[in-house]
Structure formats: C-alpha cells, structure tokens
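**Student:** Listed below, chain by chain, are the residues.
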Amino acid sequence: MIILFGVFIRYDEESDAHWVEFRRENNITSDIENDFYFRYPSFQDVHVMIFVGFGFLMTFLKRYSFGGVGFNFLIAAFGLQWALLMQGWFHALNPETGKITIGVESLINADFCCAGSLIAYGALLGKVSPVQLLVVTLFGVTLFAVEEYIILDLLHCRDAGGSMVIHAFGGYYGLAISWVLYRPNLHQSKRLNGSVYHSDVFAMIGTLFLWMFWPSFNSAITDHGDGQHRAAINTYLALASSVLTTVAISSMSQKRGKLDMVHIQNATLAGGVAMGTAAEFMITPYGSLIVGFCTGIISTFGYLFVTPFLEKHLKLQDTCGVHNLHAMPGMLGGFIGAIVAAAADESVYSREGLINTFDFEGEFANRSVGTQGGFQAAGTCVAIAFGLVGGAIVGFILRFPIWGDPADDNCYDDEVYWEVCGSFELLQ
Amino acid sequence: MIILFGVFIRYDEESDAHWVEFRRENNITSDIENDFYFRYPSFQDVHVMIFVGFGFLMTFLKRYSFGGVGFNFLIAAFGLQWALLMQGWFHALNPETGKITIGVESLINADFCCAGSLIAYGALLGKVSPVQLLVVTLFGVTLFAVEEYIILDLLHCRDAGGSMVIHAFGGYYGLAISWVLYRPNLHQSKRLNGSVYHSDVFAMIGTLFLWMFWPSFNSAITDHGDGQHRAAINTYLALASSVLTTVAISSMSQKRGKLDMVHIQNATLAGGVAMGTAAEFMITPYGSLIVGFCTGIISTFGYLFVTPFLEKHLKLQDTCGVHNLHAMPGMLGGFIGAIVAAAADESVYSREGLINTFDFEGEFANRSVGTQGGFQAAGTCVAIAFGLVGGAIVGFILRFPIWGDPADDNCYDDEVYWEVCGSFELLQ
Amino acid sequence: MIILFGVFIRYDEESDAHWVEFRRENNITSDIENDFYFRYPSFQDVHVMIFVGFGFLMTFLKRYSFGGVGFNFLIAAFGLQWALLMQGWFHALNPETGKITIGVESLINADFCCAGSLIAYGALLGKVSPVQLLVVTLFGVTLFAVEEYIILDLLHCRDAGGSMVIHAFGGYYGLAISWVLYRPNLHQSKRLNGSVYHSDVFAMIGTLFLWMFWPSFNSAITDHGDGQHRAAINTYLALASSVLTTVAISSMSQKRGKLDMVHIQNATLAGGVAMGTAAEFMITPYGSLIVGFCTGIISTFGYLFVTPFLEKHLKLQDTCGVHNLHAMPGMLGGFIGAIVAAAADESVYSREGLINTFDFEGEFANRSVGTQGGFQAAGTCVAIAFGLVGGAIVGFILRFPIWGDPADDNCYDDEVYWEVCGSFELLQ
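Protein chains in written order, with numbering that gives the first Met the number 0: chain A, 0 to 427; chain B, 0 to 427; chain C, 0 to 427.
Quick caveat, the hints were computed from the structure, so don't treat them as lab data. Just so you know, even glycine gets a beta-carbon here, dropped at the ideal spot from N, CA and C. Among the clues, some could well be false.
Under the rule of at most 20 Å between Cα atoms (straight-line distance), these lysine to any residue pairs were calculated in the SDA-like manner [what the hints assert, rightly or not]:
1. B/Lys257 to C/Glu418
2. B/Lys257 to C/Ala406
3. A/Lys189 to B/Cys420
4. B/Lys254 to C/Cys420
5. A/Lys257 to B/Ile401
6. B/Lys254 to C/Ala406
7. B/Lys257 to C/Trp402
8. C/Lys254 to A/Ala406
9. A/Lys98 to C/Ile289
10. B/Lys257 to C/Pro129
11. A/Lys257 to B/Asp408
Facing chain B, from chain A, some residues (calculated, C-beta under 10 Å) [what the hints assert, rightly or not]:
12. Gly193
13. Pro214
14. Thr267
Use the sequences and the hints to build the structure in full.
**Tutor:** What follows is the structure, encoded as structure tokens:
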C-alpha cells in the first residue's frame, strides 16, 4: 500500500504548498475559497457516520459489540486507503503525469466507498472472520470503483448521496455474499442473536449519529452553493418524516402497541437512503416528506415480514436487515431520482440551474432531461447487477476453508476473536 | 403535514436552483457567501444537541433509557416539521405569494422550537405516554411560535440563544403540565426513579455533547461575523465557569465531600442557558465568567433544595429537574440580557456595532438602549406567562383518560411501551 | 479567576462589535473572512476530542467510569480558563494596553493546553484525588505555556498538532509524576484495575471520536488554505495506517490470534500523535502512511512489553499507558518533524510556500531549512526536559499528605469520590 501510494498519490492544487501561486493565477481572492472550507465540515460529519454511526449501529448484539464496532473500524480504515487508490485510478488519474491528486473531496469519496463494504458487513455480522471481512472489503471497494465509473462517468448519472452506487450496490453485495455463505445450523447460535438492554442503548448512538449527519452525507459532494444547501434540506425533511411512519407502523404491528427497538434503530434512517440520488434535485420540500413517509413504511414492513421470509424461504440470513435499510430503499431512491430527473423543467430550475444540477456540459450538453431520467434508471440496474454478481463471486471465494470463520455454534460471539473478561459470561 | 408542506413551503433563494441568477443580481462574488457556509456547521452542532444531547441526558433512569432517547427522537422529529410550518406562518410568510421559504436558518429555528418541548419532556419523563408527548409537542410548538413572534417581532427583543423564548418558556411549560398531572401515589414507582452505574455514564454522553456544542447553540442565528464569534466565546467561558462552581457546591453539600452525578450531569450546563440572551452582546469575558459562576451555584442549590421543596409543598414532580437547569437560569438569562442591553454604550460597541447588534433599523431606528432593556425584561415575563398558562391548559387536556398514560406503579418503566429482553428484569 | 479576566482579557478585533469598522479599514470584503469561519468547525472537533474523546477513553476501568469522564470534565474546564490567561501573557499580551485579546484561535489553543494535563491524568488515573488533579493542571498549564513560548517563539519551531509541546511534554509530565507517586502496595487494588464488557464499549466512544477528529486537531491552527487542507489529509492517512498495523501486531502477539481491546483503544491513535509536527509539511501521502505504519507497531509493542517493564523495573505505574500513546510517539513525531523540515526544498514547496509554511519572516527571514530542522529537534528535547523535571517537582508537591488521595486498596474505585447506587457492587 505504501509503495502504491508512493508511486501514484500526490496532493492536489488546493492542498499543495504551491497553492499561493495557483490562487494568484486563477484569480481566487481569498483563502476561504479553498475547497477545504466548502467541504471539510461535511467530511467530518460523514467520517462520524462511517466510524461511529455504522460502528455503534452494529453493537446491538448482546455479545458481539466488540466485533461490531471493532471490525467496522478495521475494515473502514483498510477500505479508505484502498479506495483512494481505486477511485483515483478511475476518476482522478492525470494522464500526463500518471499521478492521482487528492484533496478533501477524495477523502469524502473514499469514506463513501467504504460505506458500501460496511453495509455488506451488516448482512454478515457475527458470521465471518476478520480476514474474510478484509477480503469482502478488498473486492467491495474494487467493484465499487468500477460500477461508480460506469454509472457516474459513462452513463453520466447524478448520485450525490449514493442511493444507487452506495446503498443499492452495498446492500445487494452483502445479501449475495450472505446467501452463498448460508449456514443451515445457525440456530445453534440463536440464543446470542439478540440484544440486552444496554447494547440497544449503544446501538442508538449509532442510529442517532447516522440520522443527524445524513443531510451532510447527501450534500457532501454536491455543487457548491445552492446544491449543498438544497440537498441538506431535502434529506432533513425525509428523515423526519421516516421517524413518524416508523414509530406508527412499529406500534401498530405489535400486540399491545409496544415499540420494537430494531425498527427504531434502523427504519428511521430509510428516508435518508432513499433521498440519496434526488436530494440535490428540486424535489420540493413536500416531495421529500412523501419519500420519507413511504420508505419509513416500506422499511418497517421489511423488518416485520421480508427478513423472516428471506431467511425461511430463500435461505438468506441477514443479521442487521440491510435488505430493509439499504438494498430496497437504495433501489427505490435510484428510481425516484430517475423520475425527478425526467420531470425536471427549465421553469423550475432556470436554464443555468438545470445545466449546473445535471452537469449538462461537454459531450452531454444536448442531453434532454427525459434521456437523463432513463440513464438514471439504467444506473440503478447496473448497481444492483454489480452487487448481486460481485457478491455471489466473492461469496464463493469466501467458502474456501482457509479463512478461519467461526463454527455454527460460535457465531455472534466476541470470545472467538477478542480477549474478554470474566463478567462476559453473564451477558445472555 | 405533507399537504400543508405542499401548499406552503418552498426553497428560499439560497437553496433554489435559481441561486446562480440571484447571486449575479445581488453582486455576490462567490458561492462561499451562501448562508449555508455561515450556518451549516452550527446547525449540525445544534442538531446533535437536540437528538443526542437531550436524548442521552434523559437515559439516566435505570429502566427508562429506551423511553428517554426514543421518545425524545420521536417528538423532535415530529416537532421540527410542525415548527417549520408554525414559524413560517409567523415569520417567513411572503404576503404576495402566500408561500413560506426555508433555508438553513429555518432548520436551526425549527430545532430551537423543538427544544422548548423537549425541555418540557424533562419534567414529565417516565410519567406520560408517547401520545401525550405528541400533544405536548403540538401545543408546545404552537405556543412557542406565538410567543416568539410577540417577543422577537413585536417587542423587538434580541434572544439569540433563547434564554427567554426557549428555556424560560420550555421550563415553565413543562412544570405547569407536571403540576396539573400531579400523581399522589407516585411513590409506588419510587424504586425505579433512580439510576444504575452504566445509565449514568450514558447520561454523561448527553451532558457532554450539550456542554460542548452550547457555544454553537447560542451563536447559530446571531449576526454573521463578529456576532457569531463573540457569542461562541462568551458561552464557552460561562460554561467553563459553571463546571467549577457546580463541582465545588456538589462536593461541599454531601457528607464526606462526595460528588453527586445528578449535579454534574445538569448544573454544569446552567451557564449556557443563562448566556442565551446576552451571549451576542459585549458582556465582556469576565462578565461571562460571573454569569457562569452564579448560575452554577444557583442551579446546584436548586437540585439540593428547590426540587425536594417543590415536590413536597407544591405537589410538583419534576423528574429531570428542569426547574433548576432551564426555568430558573432561563429567567435569569432574560434579565441579565435586559441589564446588559440597557448598559450598552456607543463607546464600547461603536455606532455601527450598536445598530448591528440590536438591529436598530426601520421603525426601531430611534429606540434607546434603555428602552431596549425594558423590552427585554418584558419579553422574559411574556415567555414565563406563556409557559405557565399554556402549560396549565395543556395539562388539563392531558388529564382526559383517553391518552393511555401509565399507572402509578408503572412509571419510569420501559416495559409499558417497549419490547424488552429478558435481562431487563435484572436492572434495579 | 474572574478578577484576572476582568483585568486582562478582552475580545480581539474579529469578535468585537468594532469589527464593522475594522473590516472596512482592512479591505476585508465579506463577513465570511472572519477567522471564525476558518477555524470554528475545527475548534468544535478539538473540543469534542478534549471532553468526549479523552473523557470516554478513560471510562474503561470497571468501577472508575465516573472518575474517568467526570474528573476529565472538571480539569479541562478549569484548565482552559487558566490557559487563556497563561497563554495570553506569553503570546497575546498587547504591550501598549496591557490587555490580552482573545478569539477563536485562543480557544483552540486553550483546549490544546488542557490536553497536556489530560494526558498526564491518563498516567495517574484512579490513583489521585480531584484536588491533586487540580494541582497537576495548575502547574501543567503553567509549564505548558512556558515551554510553548520557548519552543514556538524563541526557537521558532513549527508544531501545529503539538507532537512536541502537547504529547511529548504531557506524556513525560504524567510519567514523572506517576514515578514520584509510586505505590508499592497497589496490588491491593489489582482486582479493580481492569475492564468489564460495557466499560470497554464506552471507551471505544472515546477512541473513535479522537481518531475521527484528529485531522482537525492537527490542522486547527495551521495556515489558512493549503496548510489546513494538507494537515488534515496527512493525519487522516497516518491514522488509517496505524489501525491496520495495530490490529496485525495485536493479533500476532496473543495466543490463538485474539485481539486485545487495550491495543485497539489506544495504539490506533499513535499515527495522529506522531504526525502532530509534520502534518502541515509536504511530507507526501506515502510519507504519512509510513509514519502511521511504524508508530502503530511501536505503540502496540509498547503496550505488550514496555509498560510491564516500566512497572516492574522502573517502579512506574502508568494506568492508561500514556508512554505508548503520547510520550514515545510524541517524541518520535518531534524528530520526524525535524527531519522533514530539514529536507524541505524550494522545488517542492515553491519559494512562497516555503516562507508561508515555516514562517520565515522578520528576524527569521534568512534561516535555512537545515537550521530549522536542528531547532525542531532541539524543541523536542526542551519539551521532554520540561515534562520530566516539571513532573518530578509537581510529584513531590503531591506527596504532602494534605491532598486526600485514596488508600492503596481504594484505588480505581469511584466509591471514594462519588455517590454510587446499589448495583455498583456487582461490577467486578
């Protein structure tokens, strides 16, 4: 990794000490116009989502909190280095010098790229070894960079918050791996596949940091100015709306109207996933509420009916329910983005706004919004296909008996990979 | 809600795709001058305070952590949608188009508006049902918008951090509700009205995020430039000072000098509440220290003597002690603001600074600082009156036996509203 | 403290209401160029590291979580007030008016200054009383201000993230105190010097917030523009690299390849410490990876071999292992900075970039990079000397029997200084 970085990676103009000269040549009047000040606060919010958000969301199992937060830490730290290289080769390679230049936007993209693999980890939680996770991440990041190149560069889709490239891809990638790695005797660990009171409170830390910072996630790499502003507002509204429908459905579905922590921890976030593509468009505030309203319902029903169905009939064990939180809302988000793009209109966006939002420049200058909508839908399908096929292949690689995966009666148990103390045995 | 948003809510100029044209027409040289970059980092800090800060602060009860953080999540997500509408009607309605335009400042204000109801929840924690909380929030947000309109628009007070409009109002609103809902047999749940070791550590997460981000809370909607800068510094100093006096008083009050976690979790924050109004004024750094010093003492004494007194003699059960953390320091903060405003001086502020700080423009161009001080004091009284009267009315509404509130021996118990696991019974 | 603030401390130009005039006189075109918008997001990240990061990192002991997070809160809140005064006297005293002016950069520096004492607390955790901690902080902040003045102003070193002035100083300061306060009978509390499952999860909150926000820590007070941008990138890479080597070494060192939570909680951060000085230099991305790679290894080996060695042969009890996380990586970071500075080159930095980065202006205009490297190395030695000598003196002061320190069999126990509830006894 160090050698590859040595050969390829350099600072970009805005983080290089030559910035003073670059600034003068480009008539930039002030240091505050360095991209750092546009994006660094959003970067830190995304960073918190990746490490604390995803990490603590996966601490809910009674005896797998170390593995949830610790392996999340490991694979994100590994994935982001590999992502800087892979995304650099596909997006930022300077053909003259053969170098990749990185700045704060590259760091955000690297974090996004890890998110795909972390989502896949959600489906595998407790059933794989850390070495297997590194393999999942290695291939996951590579596949991500390729599908992102196809969707964003070749098909010229817009996908600021990654409904397609992150959530739909990551979700189906994890599900396909989990399907290949099906364990018929997993019921031997059934007693550990649940939470204790305080592990659920830890998981709420993850939920809340994901929920709060999702507007930053969806706006982090959108256009400067109104693009970032609008994406944040839309995501904020969709998320608020998801919470209400999740609570309502969760309460109605249980006998005596009790709420289920699993729904509150997960389905409340579905609105943010589904707004990933459309957040930067002029979807209108009430459009955002409608998206959040519907995905909250769909995601909660997913936890109630789809996950048990998948496990029973499709032999697919999905520990965190990534199907309901990422795969399905991500796919929906991709199609919502296609519809909103196809419905875009110069009277709503203004001529210049339309060009800025969809980046209709260069070879794409004459593309119509209808065509753009079609390409957005095609992009969603590409993401799902990459997830399913790539996941199946990686799953078969992981079935070689060399990776040290846990036995069927040792799943969901930190004792296999961590030094634990005496009182650990009391957690059941 | 979706219909109301559809009819009324639109993006403002800075989040609309027409921004490119707006920027050109208004001679704005760079995207970085979009209000998003002035306020978004502060917005995210406030957002963390509302959801993680308030939420985790209320996890301290041994068997009500789900309810503390979960219902906080629910009512904040509901409240902010309603707040965008209510505040829009009173503050941001364009009389020509009949539309409300929203931007990042609206989101901050919506979060502020929820804070009032969340403070009220602190007094009611463990004794009401989620449906009752939604009613509290519905009326709380509505009352908030009205009193805010009277105080900020009609009386033209300044109240950047909301000592008056948020803390004094929210505190007395919650206390009045709690007083009406007095439960004479609450002692039947007494064994659950306390903490276990780890629930106190969870509550410290809330305390620390509130404490750290309070400078952002008080500076989030102040004037660009020196206003935000000064408000953050003043709040930072007042909070630091509160911590020291809280620890000192807490230690002196207990036998053998031991510290009480309840004081550390709550009274350390009183300095931020009391600086809510005066933070943007030239109160001077040592003035901030004095405010923090005094409120730390008053708030800790409140926990030691006033809360037991209220419960015993006024029949007022205040679970989190919002009287000591919000109501009293908020009221003090309002009067401190009045004094500092009345003492403002051109030699300290400069002529232009005075106009900017107090917004002496338009019909208020000739108001003197003395008059401004009087109006600030009047605003504080308005906030308290709204809280007490509004809270009493809402309390009576909540006494109808249709809301599913818990029985006297089931208070402070998550089992009533949440699915809990087996080990839950061990928490006592 | 209030009196001292009243005599000395004033707002600086950018936080004073005279800012409108100052802006006009200095041809600043927009409010966004107020230093607040350059630094406030970084300040809040640093603030989170000090209070949540350091605080929760020290909650890992099974029965000392209150003390870990609570006393951290106390001494940081005390230290930052004292730091504003001490650093002001040495750095920001206006000789004409006799006043210290403060702005957002002063707040960041005050937080940095506290960090030195909090690091020292890590070595003393569980073995000292809160009064002793206040003494440690009082002297720690004072010594910090003096050594910082010598290193940054007299020797004209660059040390943006404080490898020398914060980590090397703070680490050796704590170790020297702990060495003087050696307790031969500490084994009587041995049963409490360990973690339970959930206390380790709490500590991960601290680890992750430190890890995520370290790029902000190292970039918070670097030059506007490219300086902040580059420092953040370098630190991000070094940290990611540390995580991988820490996991690898931790797994290899244990029988059956199990991971040790102590390593994951601490050694993963060593890369950030070691990049403290060099982060703003053109160390190149692969240089950052190399630094993180090496310090991850060294720090983990420290936990495995050096800490037990120190305890056994040097009679030095280091509760949190600050030697491995702060002292040694900080010292290394200082020397790495010296080497990178000595190797600086106009072709890499450009003439202007070199002047900006090393601040070769005024009396230092003719200093060569080689000389600068020598001074950087000298600065590191000054920091270590201040830590060791200052710590020894403070240690002897703390041996007077007037400070209420816990008995040998009451160490690591919250019951001595906190009111605790009944279930506390079960934690073992």
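**Student:** Hints first: check each against the structure and report whether it holds.
**Tutor:** Do the hints match the structure? See the list:
| no. | hint | result |
| --- | --- | --- |
| 1 | B/Lys257 to C/Glu418 | holds (6 Å) |
| 2 | B/Lys257 to C/Ala406 | holds (16 Å) |
| 3 | A/Lys189 to B/Cys420 | holds (14 Å) |
| 4 | B/Lys254 to C/Cys420 | holds (16 Å) |
| 5 | A/Lys257 to B/Ile401 | holds (17 Å) |
| 6 | B/Lys254 to C/Ala406 | holds (19 Å) |
| 7 | B/Lys257 to C/Trp402 | holds (15 Å) |
| 8 | C/Lys254 to A/Ala406 | holds (19 Å) |
| 9 | A/Lys98 to C/Ile289 | holds (19 Å) |
| 10 | B/Lys257 to C/Pro129 | holds (11 Å) |
| 11 | A/Lys257 to B/Asp408 | holds (18 Å) |
| 12 | Gly193 | holds (6 Å) |
| 13 | Pro214 | holds (8 Å) |
| 14 | Thr267 | holds (7 Å) |
In terms of the numbered hints stated before, the structure departs from none.
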